[in-house]
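Visitor: Each chain, letter by letter, is given below.
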Amino acid sequence: MQSTLVLQNLLSAPVLFFFLGILAVVLGSDLEIPSPLPKLFSLYLLLAIGFKGGVELSHSGLGSMVLLTIAAAILMSLLVPISSFYILRPRLGADNAAAVAAAYGSISAVTFITAQSFLNVVKVPYDGFMVAALALMESPAIVVGVVMAKLAASRLEPSPGGPSGGKEPIPWPEVLREAFLNGSVFLLIGSLVIGGLVAYFSPSGVERMEPFTEKLFYGVLCFFLLDMGLVAAQRLRDLRQTGPFLVAFAIAAPIVHAFIGLLIARLLGLPQGDALLFMVLSASASYIAVPAAMRMTVPHANPSLYITTALGLTFPFNVVVGIPLYMALVQRFIPVA
Amino acid sequence: MQSTLVLQNLLSAPVLFFFLGILAVVLGSDLEIPSPLPKLFSLYLLLAIGFKGGVELSHSGLGSMVLLTIAAAILMSLLVPISSFYILRPRLGADNAAAVAAAYGSISAVTFITAQSFLNVVKVPYDGFMVAALALMESPAIVVGVVMAKLAASRLEPSPGGPSGGKEPIPWPEVLREAFLNGSVFLLIGSLVIGGLVAYFSPSGVERMEPFTEKLFYGVLCFFLLDMGLVAAQRLRDLRQTGPFLVAFAIAAPIVHAFIGLLIARLLGLPQGDALLFMVLSASASYIAVPAAMRMTVPHANPSLYITTALGLTFPFNVVVGIPLYMALVQRFIPVA
Amino acid sequence: MQSTLVLQNLLSAPVLFFFLGILAVVLGSDLEIPSPLPKLFSLYLLLAIGFKGGVELSHSGLGSMVLLTIAAAILMSLLVPISSFYILRPRLGADNAAAVAAAYGSISAVTFITAQSFLNVVKVPYDGFMVAALALMESPAIVVGVVMAKLAASRLEPSPGGPSGGKEPIPWPEVLREAFLNGSVFLLIGSLVIGGLVAYFSPSGVERMEPFTEKLFYGVLCFFLLDMGLVAAQRLRDLRQTGPFLVAFAIAAPIVHAFIGLLIARLLGLPQGDALLFMVLSASASYIAVPAAMRMTVPHANPSLYITTALGLTFPFNVVVGIPLYMALVQRFIPVA
Amino acid sequence: MKRVDFFVSEREIERLCKAIRQAGAPGYSVMRHVTGWGVAGEISEAMDFSGLGANAHVVVFCDADAIAALQGVVRPLLERFGGVGFVSEAEKF
Amino acid sequence: MKRVDFFVSEREIERLCKAIRQAGAPGYSVMRHVTGWGVAGEISEAMDFSGLGANAHVVVFCDADAIAALQGVVRPLLERFGGVGFVSEAEKF
Amino acid sequence: MKRVDFFVSEREIERLCKAIRQAGAPGYSVMRHVTGWGVAGEISEAMDFSGLGANAHVVVFCDADAIAALQGVVRPLLERFGGVGFVSEAEKF
Ligand SMILES: Nc1ncnc2c1ncn2[C@@H]1O[C@H](COP(=O)(O)O)[C@@H](O)[C@H]1O
Ligand SMILES: Nc1ncnc2c1ncn2[C@@H]1O[C@H](COP(=O)(O)O)[C@@H](O)[C@H]1O
Ligand SMILES: Nc1ncnc2c1ncn2[C@@H]1O[C@H](COP(=O)(O)O)[C@@H](O)[C@H]1O
Ligand code: NA
Ligand code: NA
Ligand code: NA
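Keeping their order, the protein sequence lines are chains R, S, Z, H, D and Y. Quick note: our numbering has the first sequence finishing at residue 337, numbered continuously throughout. Quick note: our numbering has the second sequence finishing at residue 337, numbered continuously throughout. Quick note: our numbering has the third sequence finishing at residue 337, numbered continuously throughout. Quick note: our numbering has the fourth sequence finishing at residue 93, numbered continuously throughout. Quick note: our numbering has the fifth sequence finishing at residue 93, numbered continuously throughout. Quick note: our numbering has the sixth sequence finishing at residue 93, numbered continuously throughout.
Derived by calculation from the structure, the hints in this document are not laboratory data. Where is the CB? At the ideal position from N, CA and C, for every residue including glycine. It cannot be assumed that every hint is accurate.
To give a feel for the contact side, a few chain H residues facing chain D, derived at Cβ under 7 Å [said to hold, decoys possible]: (1) 82; (2) 85; (3) 88.
Straight-line distance between alpha carbons at most 20 Å, and here's what the computed SDA-like set of lysine to any residue pairs gives [to be verified]: (4) Y:92 x D:68; (5) S:123 x S:7; (6) S:215 x Z:220; (7) H:18 x H:89; (8) D:92 x H:23.
With the sequences and hints as input, model every part of the structure.
Guide: Here it is as structure tokens:
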């Protein structure tokens, strides 16, 4: 069973294009998807899943199950960075630990989308409101990361990673802007709201958006994963810098967080598809919103640490191995609805 | 009735994405659609409406109603800049007056497209040949603008805006190239002709273009309006520079021009949909072809004046308030066909 | 008959957009499709034809006819550059001759795609496996080109074009990387393999890719040919540099190579559609993979020679005149299946 | 040897480069998509979609004698269409 | 007259430009999408899709007297967020 | 301190940067998408779609002593693949 899931995942177009990108770097091809085309794909994917999620949310409404799931998701995005911070700080110092912790508390929209596309392949249904959970999990972890770094610094525990300017108070306006008004978070939430409004007030608009947001989606995802393969493989060259401890963390963290996610999903009584998505949200780490936010709010953290772990290790792990693995767990522990 | 029209417009996806762009700037989000992606959307929209217009023109043929409407449209694009010039010159000087006048005589393709999409929502039909009017209204106003600036300068009335190099004769080759061979005008007219030829000689080609030119259209429009929202909101910061007189002009001009457009549409006996489009063409101001042309032919005009009024004020006014307002007037004064 | 074919080709949307691009340059319009948008279109087209070719190859399998055709295609891509080299060397010197020869031995994917779209118009079927021939014809000619240049240099026949560093041995790793791992070759072959795998193991994935790889294809081709028209017309300005000999070569070579291709197609017993594609592969010259490869491996060859001939002359010739001409020959010499 | 840096509107590149060739400079390099701030206010890339574009940075390395010729052809352009230029010392690598 | 070249992260452009205006410089130019290598390792454009961006090159031509003011406002930024700056001689074209 | 400006084909960036690191320079910055004109004629961005690309501008600020090492590794590249380099004076900001 499990090996079938793995194969179904490995032989899907998005994952194959991801491998093609990795292969290009490994073999030394000069294939490149020049900037800002990856940004076009990433803006498109955020707009499209936001809009679709909003449409589905408007159909399902905000029932107690929806609200409970979203609350649990936000809780995860607070607990994961706090616990990760304490695990990482002894080795990395407060700044680096805070930044890596923020990355793992936050989410990866592309991993989520790949999981949705995997659920389509294995024909397991899932609910649209999970996109709302996705949208609301990006920001809290960023705030937690900055707060942890500042608290540690203010206790006059200088981090080995360099001066952390800790005596200054937390620059709340900047932190909140980076957390909640970050371009990708803002576009995702904005599209979610627009999708909801359009579905409610002018349903014919949803139909007119479909060729764009639905039909193209799979192809653009393949294109973007090709680029993600290129970028992730380039990151692997930096692995020497990260050291074995962070490599182990980058593989262990998603498994542990997915497992916690599974327990919560079970507690909430989520159906199989939603449970997988909840696990993937818990397991994935951010390389979009978080690096940009950390660069400005925890500038003395080393970007190559949090980008390499989140994008070079955890992302490929989740996309290639994690998703089918979590699905196997779901099939074992979550009853069919 | 009117408030329904306003709501139907406000709650359509393109207008909501336009608001999202404005909101991003107002709240200080770093959302950006990096260059040249907006150019991709704008090239696409021009190619698509040109092609579709050509196809429809080839079906309807060039009857006397079509030719009359186009002639009236060209007339508007000559009268508006001349009258605007004389209103603006006492305050702005010849160069700035000429450039702003050219902007208001010319048209905004995106406003036109948004009006078409509004007509789809309210289920009022319109004719494809209106795209020909759109295409032919861009250039004349540019020529008029340059001629007014040069005439004023040659009469030795130095404009307060700076030296206008007025003793030199009008550089006709450059003016005509900027007016008629301007990239966006050229692509629009070229696509119109190609659409007509393909529809006439190889109709199966029309079908093969449809997924690209028809199905994607609405989604790309949303994406482009998101960017327009970002750009228009940034422009609003320059309002101090423009002063209250130009602000008043930027709101009054579209209303007055739309009203004149309504009278002409009534005279011509245009059906409701075409009448709205004719009003929108009259009311809208150019921020694509005109700024680029004025930069080269009237270099001493201040770009922030004509861009801010056309893009920062008149464009949002037309898209948000103007279109439903003009539609209310249409419903009142134009008989249902 | 023949004039109908010419007209059917000339009045198709892709060819008309190609003309529009040429016209823009001729008239002095400032229309431009800014970088990296043309790269987006070119990556998309390679991914899409690769994927579609792989899907069809997976349906047809690798029968003896497929293998024979591919072998013949590779043979062509070895013979053409060798013979071209000996024709060109006396006039151009070894380096330039080698680079031009490599261009003509290799292929132009866009010419191939335009020929496919022409076959759709004239309703003549063709096989998906021809894409495999396309993919495998790009690289050998590059290797041959480099080897010819190095052999000539090592025989101490200094080329008039400048020093060719001939005493150094052939840098095989670099040559092979440029030939086989060149971004466009790599993406095409990679997408071909992915298309085959997906079609075989998860056919529903093919369906989900279709809106992207099939439906958009025609429109993107039009957009890309608009850019090709702009670029090709700019190249024509360099014609003085190339001289009459190369101009003659750029027109004669495709005709001669297409004729040899016709003979081989006849020998192989290819049906009409495949025969045309085989001729087009033989006749077309590369301006994507080859210039990039030659720049690095035969750096003393003059890029404006091989780019101008392949892109400025042979490409327009094939797209406008060649394809219908070759089709007329096919209809005369290849029996209807 | 001298190094000259020009910052002008993207729409003037062709005119400027023609003037530089006319002045006999041995070469030049052009960087587009430059934003900035000067007498004419702020120039951003936001209007790029319209063909108006942002600024360009044009660099010319040439002999000191060529500067006068360059000033002769380029200054009228800067005066008419806006833009700035700066000169510094350089030598061949 | 002096020429100052800054290389900073694209995300610091706004802060840097504000500081330059504050220091009273008469203008500046910004080139984005700059990659490079320095104390903080290699900066590529690969993360551009994430909003992290690459580096920017900011050029300021100003009077020699303005340099001190510039150093006052810009050096703290370079120290806090990384980046480098260099000064050379120049004159008006 | 010296400032070195290179203009080479975009396809040679990697080779050039490797040579610069080899020569012991403390850092460098790379700007792509540079068009221009020189001995080899005009270089535009029109072939960008093909992977051939345009030019790149590579800037290195380094100590005067490092120039000789830089010339040792970079000059052969410029001779083989084309491109130009220029040196000027600079100091830390
Ligand atoms: N004198 C110059 N000033 C500025 N840039 C130059 C100069 N000469 C050459 N270049 C740049 O270097 C590139 C290669 O030069 P070349 O090898 O002379 O063709 C040109 O395309 C220009 O971008
Ligand atoms: N002092 C300066 N230093 C660097 N760039 C400048 C300076 N002044 C002007 N510029 C550039 O030149 C462009 C045109 O300048 P201006 O004509 O003064 O508005 C500006 O948008 C800047 O990109
Ligand atoms: N010596 C140098 N020459 C040119 N550019 C440099 C130099 N050092 C640093 N840079 C640029 O400045 C950026 C930040 O430098 P750093 O803070 O040293 O990592 C680098 O990524 C380079 O783009
Ligand atoms: Na997570
Ligand atoms: Na108007
Ligand atoms: Na060939």
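Visitor: Each hint needs a verdict: does it hold in this structure or not?
Guide: How the hints compare with the structure:
1. Checking residue 82 of chain H against chain D by beta carbon gives a least distance of about 12 Å; that is not within 7 Å, so the hint is violated.
2. The criterion of a C-beta within 7 Å of any C-beta in chain D is met by residue 85 of chain H, whose closest approach is roughly 3 Å, and the hint holds.
3. For residue 88 of chain H, the interface hint holds, since its Cβ comes within 7 Å of a Cβ in chain D; the closest pair sits about 4 Å apart.
4. Taking the CA atoms of residue 92 of chain Y and residue 68 of chain D, the gap is near 13 Å; set against the 20 Å cutoff, the hint holds.
5. Simply put, residue 123 of chain S and residue 7 of chain S have alpha-carbon atoms about 15 Å apart, close enough for the 20 Å limit, and the pair holds.
6. The straight-line distance between the Cα atoms of residue 215 of chain S and residue 220 of chain Z is roughly 14 Å, inside the 20 Å bound, and the hint therefore holds.
7. Simply put, residue 18 of chain H and residue 89 of chain H have alpha-carbon atoms about 23 Å apart, too far for the 20 Å limit, and the pair is violated.
8. Of the supplied pair hints, the one linking residue 92 of chain D and residue 23 of chain H holds, its CA atoms being roughly 18 Å apart against a limit of 20 Å.
Of the numbered hints stated above, those contradicted by the structure are hints 1 and 7, listed in ascending order.
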